[in-house]
Amino acid sequence: MEIFNKINAGWRDLMDNKSDPRVANWPLMSSPLPTIIICLSYVYIVKVLGPKMMENRKPFKLRGIIIAYNFFQVLFSFYLFWEAGVTGWFGNYNFRCQTVDFSLEGMALRTAQGCWWYYFSKFTEFFDTFFFVLRKRYDQVSTLHVIHHGLMPFSVWWGVKFMAGGHSTFFGFLNTFVHIVMYTYYMLAAIGPEMQKYLWWKKYLTILQMIQFIAIFVHALQLFFHNPCNYPIVFAYWIAAHGVLFLFLFSNFYKKAYTVKTNKKKKIEDINGNIMTKIGNEIITNKSIENAENYSRTRIVSNGISSH
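First residue of the sequence shown: 1, per the numbering used here; consecutive thereafter.
Among the clues, some could well be false.
What the hints assert, rightly or not - In silico SDA-like cross-links for lysine to any residue, where the CA-CA straight-line distance does not exceed 25 angstroms:
#1 K256 x I211
#2 K47 x M182
#3 K6 x Q212
#4 K18 x N5
#5 K136 x F123
#6 K61 x I191
#7 K61 x K18
#8 K256 x K61
#9 K203 x K255
Unchecked claim - Ranges between beta-carbon positions, derived for each pair:
#10 L208 x T124: 16 to 22 angstroms
#11 T124 x V234: 35 to 41 angstroms
#12 M53 x N5: 25 to 31 angstroms
#13 M54 x N227: 48 to 54 angstroms
#14 W200 x M107: 38 to 44 angstroms
Hint data in this document are derived by calculation from the structure and do not stem from the laboratory.
A virtual CB, placed ideally from N, CA and C, is assigned to each residue, including glycine.
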């Protein structure tokens, strides 16, 4: 019981006395628990509840809604990018090391408000996945997609709670720029097939996302070697770890989507003159294919089903 009381006292001290006092009464900022619940609910909805509810339903046609949503996200991302820029990264902030201004007025408070809206934007991005589920595009609800969207609100919460400004906001500054480009692509793609000829740059969008995570990692990594503004190093570790994680996930997606070739069938001849089929690295004799086909026909007939 004493250990529990000490842990609870330490937690309350962290939340109440060591956090940014400006955000204490802002929505969802008193504790990480609401954010955790929302993130876990998101994962449950898109992986379990949503597919279950759509099981016996036809996919929804949401083209108009998706176009409007992506247009909104372009505008929202531009607003967040602009706020991060004019309050710091367009000239006032030092890219080498930047402290947090915890004052309650002027650009400092505006920066903190921009950080909260960036945190809120991570929830609006959930609708990407909701639309996939409603359209029964479950192939798009990948591990990469769910981890990326499900983890971000929780990660950003800590930054807003303790460091609403300064060095770590470079993450959001760069991320919102990438999102302007990304949601523009999604909006154009949603218009219809006639736009496909203008969307040749999909591959380069993924490359841009990977460059983003490399830049975020390098920007955070520099504090490990020299930290002239005494920025809390724990946040540098936190940001750098995210850069590595998402770079790995996105590079893995890039390899699967753009560099791994599908297996092709090829007729080859063995030393005895027998014709065989090569699928990828696997060699299958025509006899084995014939036996498999005969077995399949036998199974069909044995179940009382005729086939022509």
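Give me the numbers of the hints this structure contradicts, sorted from smallest to largest. 3, 7, 8, 11, 12
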